[in-house]
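**Student:** Residue numbers (my numbering), protein chains in the order written: chain V, 1 to 330; chain Y, 1 to 330; chain F, 1 to 338; chain R, 1 to 338.
The hints are simulated quantities; they were obtained by calculation from the structure and are not laboratory data.
Owing to the predicted nature of the structure, the values given are computational and were not obtained by experimental measurement.
Misleading hints may appear alongside valid ones.
Computed spacing ranges between beta-carbons, pair by pair [stated by the list, open to error]:
hint: 1; chain 1: R; residue 1: Gly55; chain 2: Y; residue 2: Gly86; range: 15 to 23 Å
hint: 2; chain 1: F; residue 1: Gly51; chain 2: Y; residue 2: Ala84; range: 50 to 58 Å
hint: 3; chain 1: Y; residue 1: Glu244; chain 2: V; residue 2: Arg323; range: 53 to 61 Å
hint: 4; chain 1: R; residue 1: Gly55; chain 2: V; residue 2: Pro117; range: 33 to 41 Å
hint: 5; chain 1: R; residue 1: Asp114; chain 2: Y; residue 2: Glu244; range: 34 to 42 Å
hint: 6; chain 1: Y; residue 1: Gly282; chain 2: F; residue 2: Asp306; range: 30 to 38 Å
hint: 7; chain 1: F; residue 1: Gly307; chain 2: R; residue 2: Ala327; range: 36 to 44 Å
hint: 8; chain 1: F; residue 1: Val334; chain 2: R; residue 2: Ala335; range: 49 to 57 Å
hint: 9; chain 1: R; residue 1: Arg239; chain 2: Y; residue 2: Gly314; range: 32 to 40 Å
hint: 10; chain 1: R; residue 1: Ala182; chain 2: F; residue 2: Val334; range: 29 to 37 Å
hint: 11; chain 1: V; residue 1: Glu265; chain 2: R; residue 2: Asp63; range: 32 to 40 Å
hint: 12; chain 1: V; residue 1: Glu250; chain 2: Y; residue 2: Glu244; range: 26 to 34 Å
hint: 13; chain 1: Y; residue 1: Gly314; chain 2: R; residue 2: Ala327; range: 54 to 62 Å
hint: 14; chain 1: V; residue 1: Arg320; chain 2: F; residue 2: Val256; range: 56 to 64 Å
Not everything, but these chain R residues come out facing chain Y in the computed CB check (under 10 Å) [what the hints assert, rightly or not]:
hint: 15; residue: Asp57
hint: 16; residue: Phe58
hint: 17; residue: Thr96
Idealized CB from N, CA, C, for every residue including glycine.
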Amino acid sequence: MPPREPLAVAEPAELPELPEPADRVEPADRAMLPEPADRAALPESGDRPASVEAEVAEVAEAAVDLAAVAVRVRELIVGMCASADGGHLGGSMSLVEILVTLYHEVLRVDPTRPQAPDRDVLLLSKGHGAIALYAVLATRGYFPVEWLDGYAAPGGPFLAHPNRAVPGVEMPTGSLGHGLALGVGHALAARLDGSDRRCVVVLGDGELQEGSVWEAAMAAGSLGLDRLTAVIDRNGLQLGDGTEDVITLEPLADRWRAFGWEVREVDGHDRGALRAALTEPGTGRPVAVIARTVKGRGLPYVEGQVRSHFARLGETQRGRALRAVRRGIR
Amino acid sequence: MPPREPLAVAEPAELPELPEPADRVEPADRAMLPEPADRAALPESGDRPASVEAEVAEVAEAAVDLAAVAVRVRELIVGMCASADGGHLGGSMSLVEILVTLYHEVLRVDPTRPQAPDRDVLLLSKGHGAIALYAVLATRGYFPVEWLDGYAAPGGPFLAHPNRAVPGVEMPTGSLGHGLALGVGHALAARLDGSDRRCVVVLGDGELQEGSVWEAAMAAGSLGLDRLTAVIDRNGLQLGDGTEDVITLEPLADRWRAFGWEVREVDGHDRGALRAALTEPGTGRPVAVIARTVKGRGLPYVEGQVRSHFARLGETQRGRALRAVRRGIR
Amino acid sequence: MSTAGPAAAAVPAGAANPAGGPRAGRDVYRDLLVELMAADDRLVCLDSDTGLFSGVDFGSAGDRYVNLGIAEQNLMGVAAGLARSGRIPMVNTMATFASTRALEAVKVDIAFNDLPVRIVATHGGLAAGHLGPTHHALEDLAIMRTLPNMTVVAPADGDACARLFRQSLELPGPVYLRLGRAATPDLAATLATAGVPDAPPVRLGRVQPLRTGGDVVLAACGPYPVLAALGAADELARRGIGATVLNVHTVRPLDVETLDAAVLATGRPVVVTVEEHWPSGGLGSAVAEALAERRPTRVLRVAVPDGFVAVAGDQRYLLERAGVTAAAVVDRAVAALR
Amino acid sequence: MSTAGPAAAAVPAGAANPAGGPRAGRDVYRDLLVELMAADDRLVCLDSDTGLFSGVDFGSAGDRYVNLGIAEQNLMGVAAGLARSGRIPMVNTMATFASTRALEAVKVDIAFNDLPVRIVATHGGLAAGHLGPTHHALEDLAIMRTLPNMTVVAPADGDACARLFRQSLELPGPVYLRLGRAATPDLAATLATAGVPDAPPVRLGRVQPLRTGGDVVLAACGPYPVLAALGAADELARRGIGATVLNVHTVRPLDVETLDAAVLATGRPVVVTVEEHWPSGGLGSAVAEALAERRPTRVLRVAVPDGFVAVAGDQRYLLERAGVTAAAVVDRAVAALR
Ligand SMILES: Cc1ncc(C[n+]2csc(CCOP(=O)(O)OP(=O)(O)O)c2C)c(N)n1
Ligand SMILES: Cc1ncc(C[n+]2csc(CCOP(=O)(O)OP(=O)(O)O)c2C)c(N)n1
Ligand SMILES: [Mg+2]
Ligand SMILES: [Mg+2]
């Protein structure tokens with residue numbers, strides 16, 4: 001990928017209004033929501049570097065701070081899984097480094113102008129990872145972190161799958177296998193516009209069992225959409241079992257290559273490796289980053305376990321989970 | 001594949017009744033329908049070898065006769081394309097050797113008992129090749145060849161896509177991308193039954209752009225359905241263009257292998273090569289036979305041309321086409 | 001070892017939850033299926049990574065449980081192939097995935113071939129709650145009842161799930177069984193509380209009259225709509241208006257005779273329908289179509305308003321917000337009779 | 001070089017075939033699209049190997065024609081992504097593939113996002129003729145009209161295709177345009193032959209009254225159904241029965257006001273609907289729903305019987321056989337008025 005211009009200023013720098021939840025119910029245990037672990041590390045709204053590129057550089061230098069952001073995101077995920085309706089814990093935890101790296105270091109986005117025409121677009125095709133996305137959008141400054149206290153609150157916008165009423169969410173997903181086709185559309189539009197903007201689609205591994213993914217993969221490969229990147233959260237588990245125990249996906253890299261993609265395999269919890277894989281120029285083909293992750297990452301007692309998929313955390317479980325994620329991942 | 005028992009006798013050996021077309025219209029030019037080129041070469045109904053295996057052996061010895069069958073099938077295809085509604089000419093011509101080899105030399109079927117429980121099942125996933133299937137079923141003795149004069153006749157059963165009212169047609173197809181999933185179902189059923197019966201699914205190459213094909217391919221690969229065979233009519237063209245000009249399919253063999261299949265590549269007009277690829281025992285995986293074919297095969301003036309896809313042949317064109325196919329391929 | 005036997009013995013299918021409350025229809029169905037599969041080896045359970053069968057031991061029927069992964073089109077095609085080979089497959093997925101993602105396979109592979117596939121569709125209506133519009137199924141009844149050969153069933157409680165599923169196994173063609181997600185109130189208990197005499201048993205294909213009144217017919221399908229109709233009948237009775245309440249669990253084929261007779265019995269051509277579905281094409285539409293064919297009738301629909309429900313909240317909250325409530329039914333009935 | 005200009009000049013969109021007969025709606029649409037794409041660079045034409053654009057030269061708009069191959073789900077998703085990025089995509093496929101194969105993408109990616117995608121669906125109804133049930137679309141109106149935000153349009157001739165497509169481009173949300181396959185008779189010519197005065201011009205979203213009578217309303221959509229209604233009106237007139245004929249080309253949103261006014265004007269609450277669709281959920285259902293909501297009305301549907309049409313024959317033959325005919329409309333009207 002050639003070096004790129006910073007995001008063009010084309011929109012008023014104001015935060016879009018969040019639709020007021022009609023009859024918002026406060027989560028019963030709101031008082032118990034975790035305090036920010038390290039608020040100082042988070043970019044303060046109103047105190048932003050002038051250009052996104054500059055900010056990216058600044059954030060990259062402060063690598064240690066992004067580790068804190070990742071911890072904070074995990075805390076927020078735990079908080080949302082302690083809501084009355086629970087949350088998709090495991091597949092959100094495995095996404096944390098992927099989304100933190102993308103939003104804080106890779107994507108050309110500006111939280112104050114979420115509709116900027118030349119922004120990069122992220123689509124969370126594995127929509128059930130929404131709470132990770134919400135948490136990262138909040139830490140990135142799209143909206144106040146406190147809004148997440150209203151996760152799943154009746155009448156509110158924070159659905160268990162990405163909802164466009166939430167600032168920063170590009171398109172709704174949740175039925176698996178839709179995101180890559182949407183991404184092809186975005187990438188085609190960018191090509192028609194003569195824009196260098198990118199589209200990154202994040203997929204689950206179980207999700208790859210959907211044929212619609214391969215329709216889109218084949219189209220992107222054939223059209224040579226080199227501004228399109230697919231990140232596969234290869235945590236090895238789907239809802240009820242290991243992917244290889246249900247319908248095997250291996251040899252996964254071969255599949256993507258045979259469909260016309262360049263493949264990069266990385267440790268999906270290593271932000272440095274992710275950053276490299278997500279920024280290194282491509283060779284005229286779309287790029288699939290197979291990110292080897294651990295479902296439930298950060299909670300050692302459920303890591304790699306299928307029961308981490310969805311959890312409704314009680315008080316004790318939440319406390320335990322918060323302690324675990326604050327300890328950090330090795 | 002282990003050696004197999006001949007087809008068990010379990011059903012009365014009577015031909016199912018063809019539903020009487022309600023108000024059948026004779027094709028205007030019925031009198032002009034081609035005469036059988038070499039009727040003697042066709043198995044006479046009522047004069048069948050006692051066992052299917054024996055018949056297969058007998059037919060295999062008479063290889064020269066199958067060449068005549070192929071010519072006869074092409075004549076019949078030309079005849080149907082001269083019906084008032086025309087027909088899918090090119091993709092039927094490319095199928096001829098594939099279907100002749102399957103029905104006359106490979107499949108364990110008995111035209112007098114089309115519902116025999118342990119029969120092999122053929123599904124024409126590229127349903128628009130129906131006229132090739134009808135012609136082969138007729139030459140194989142499922143119903144009198146003369147019935148094909150009623151192709152597309154209003155009220156009749158001979159639709160442009162396989163219709164179950166036609167003896168020998170297993171399941172209707174026509175919307176592309178359905179056959180392989182049906183085949184997985186058949187193969188699973190055979191496994192549950194402890195039967196050695198096979199299911200062969202014939203697909204178009206353009207058809208492989210449908211994601212549903214890859215859902216089924218992945219399931220078959222993962223389940224190790226070694227009684228399932230996919231034959232891909234790799235004629236390089238789809239409806240409006242070359243496959244590689246629309247959405248590329250290459251490297252095609254790699255795709256199937258990466259989805260858990262054993263791949264065999266053959267000249268799809270070489271019956272010997274096809275027979276070998278379709279009968280050689282597998283290694284615990286489903287087998288994909290990539291049959292390199294020529295769309296419109298047998299009509300040199302449209303061979304490999306996209307305009308062969310669908311044709312409504314007038315009198316002159318029909319005469320020319322019949323002369324061409326009678327000359328034989330090479 | 002199969003846990004099916006003991007489990008079935010401990011918790012008879014359709015019975016109340018030992019913990020006290022009613023059981024979710026999908027759990028009732030699962031336990032019953034495990035029991036039936038042990039006895040009938042035509043039955044095959046095809047899963048699509050729903051998690052509904054996690055930890056279930058199918059015992060000797062284990063080879064007839066196949067998890068085909070997250071691929072709903074393939075699921076339907078495989079079911080059709082199995083059914084064509086003599087099996088009776090149950091396909092398990094969510095209602096909207098069956099009705100939209102996999103619809104062409106349902107139409108061509110299953111309905112056209114008239115095969116005995118049972119599509120067991122959970123998360124009907126708004127049961128998915130805050131999972132959002134991608135998981136709501138507010139279109140499924142309209143879609144499924146358009147398909148020839150399809151039987152469309154929406155039981156109103158756990159007990160009815162068991163009975164209707166069992167009865168549906170006798171049918172030669174395909175069945176769409178619309179289930180929910182969480183447990184919903186037990187209908188018999190609700191009727192008992194309301195002091196209404198026992199309703200006739202649920203019979204596939206027949207409207208189930210729950211109570212009789214002389215002024216208006218309330219026709220509903222699914223758990224909360226039927227409860228809303230019953231609640232409305234109570235309130236209408238208080239206002240001196242007699243309401244007949246019909247549980248139209250079988251949406252296709254529609255039992256027009258019973259419906260029509262009920263309307264005739266009131267002497268007033270007014271029906272209020274209640275459903276957890278968009279207003280176009282669902283139960284209200286089926287009732288309007290069928291009655292308008294026979295005689296001029298007013299049919300007022302209580303349904304989820306024509307829009308995507310993109311706010312958080314559980315099924316009951318969303319239904320309340322959408323106005324699928326007893327109060328709305330009362331309003332519409334009163335307006336129509338005015 | 002672009003052939004769009006000259007072609008458009010030689011054959012004005014919507015005009016009669018220079019060879020004499022009427023032009024197929026899909027050809028009229030194609031020529032108009034090529035013309036419009038040259039002028040409006042938001043328009044993008046997404047193909048799915050339909051062959052409709054074979055040999056078409058898009059000229060300078062060539063990069064805005066993309067053949068995405070045989071993959072209808074991807075087609076819809078790509079269209080949504082393009083629309084979200086400011087484009088107005090036309091997606092081209094057959095009616096049943098749009099309505100069943102790709103339905104979830106239409107629902108979630110396009111309708112939920114309320115994006116200006118135009119789904120141009122050929123082979124509506126039985127237009128595919130002997131291609132058979134896998135290619136017939138007898139469910140699409142029911143399905144598409146269930147989806148929020150969707151506008152559903154079924155023009156009755158080539159001229160209306162051009163007009164309604166052009167008008168639909170103004171809409172901010174998605175549109176489903178149901179076209180046929182072969183050319184069908186020109187409506188204006190038919191009316192002229194029948195000696196009926198000029199009908200008001202076709203306007204998206206408004207019922208088009210074609211003739212007025214005092215006894216019964218005939219409401220139809222699509223080429224042959226509208227012709228059947230007109231033919232029936234002739235025959236009814238001969239029998240002394242006056243029929244109002246409405247061309248309900250916009251099935252959603254339904255122009256209830258005009259419909260209702262027409263029924264009120266006859267003084268008799270009787271409507272016969274005519275459509276090339278299965279009986280459940282389509283136009284007849286929409287009309288029955290809407291009128292039953294307002295006042296008791298009899299609505300009799302003339303539709304394709306509830307079953308797959310698995311015999312050969314062209315569109316007209318199959319419709320005749322299915323009983324979607326002027327004679328059937330006459331019978332139903334007479335029966336209803338008796
Ligand atoms: C089309 C569709 N089918 C089924 C589901 C239900 N579902 C939600 S998450 C999930 C498992 C997904 O597995 P994977 O993609 O591996 O995600 P992760 O492991 O990251 O949670 C399933 C089956 C769905 N959301 N969409
Ligand atoms: C789902 C679906 N989409 C589109 C079509 C229309 N169609 C019929 S044949 C064809 C081309 C198929 O190409 P290929 O599979 O290569 O067949 P062949 O070359 O053997 O004719 C298309 C697009 C269809 N029948 N089904
Ligand atoms: Mg996973
Ligand atoms: Mg081909």
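**Student:** Next, verify each hint and record whether it holds.
**Tutor:** Hints versus structure:
1. Remark: the range hint 15 to 23 Å for glycine 55(R) to glycine 86(Y) is upheld by a beta-carbon distance near 18 Å.
2. For the hinted restraint 50 to 58 Å between glycine 51(F) and alanine 84(Y), the CB-CB distance of approximately 54 Å keeps it satisfied.
3. Checked against the hint of 53 to 61 Å, the pair glutamate 244(Y) and arginine 323(V) passes, with Cβ atoms roughly 57 Å apart.
4. At about 35 Å, the CB distance of glycine 55(R) to proline 117(V) agrees with the hint of 33 to 41 Å.
5. Taking 34 to 42 Å as the suggested C-beta distance range, the pair aspartate 114(R) and glutamate 244(Y) conforms, at roughly 37 Å.
6. Our hint of 30 to 38 Å for glycine 282(Y) and aspartate 306(F) is violated, since their Cβ atoms are close to 53 Å apart.
7. The beta-carbon spacing between glycine 307(F) and alanine 327(R), approximately 41 Å, falls within the hinted interval of 36 to 44 Å.
8. Taking the beta carbon of each, valine 334(F) and alanine 335(R) are about 34 Å apart, not inside 49 to 57 Å as hinted.
9. Restraint check, arginine 239(R) to glycine 314(Y): a C-beta distance of roughly 45 Å breaks the suggested window 32 to 40 Å.
10. Evaluation of the 29 to 37 Å hint for alanine 182(R) and valine 334(F) yields a failure: the beta carbon distance comes to about 52 Å.
11. About 34 Å separates the C-beta atoms of glutamate 265(V) and aspartate 63(R), a value consistent with the hinted range of 32 to 40 Å.
12. Judged by the Cβ atoms, the range 26 to 34 Å given for glutamate 250(V) and glutamate 244(Y) holds: they are separated by roughly 27 Å.
13. Roughly 35 Å separates the CB atoms of glycine 314(Y) and alanine 327(R), a value that falls outside the hinted 54 to 62 Å.
14. Evaluation of the 56 to 64 Å hint for arginine 320(V) and valine 256(F) yields a pass: the beta carbon distance comes to about 59 Å.
15. For aspartate 57(R), the shortest C-beta to C-beta distance to chain Y is roughly 14 Å, which exceeds 10 Å, and the interface hint is violated.
16. Residue-level restraint check for phenylalanine 58(R) is violated (minimum Cβ-Cβ distance to chain Y is 14 Å; threshold 10 Å).
17. About 7 Å separates the beta-carbon of threonine 96(R) from the nearest beta-carbon of chain Y, less than 10 Å, and the hint is met.
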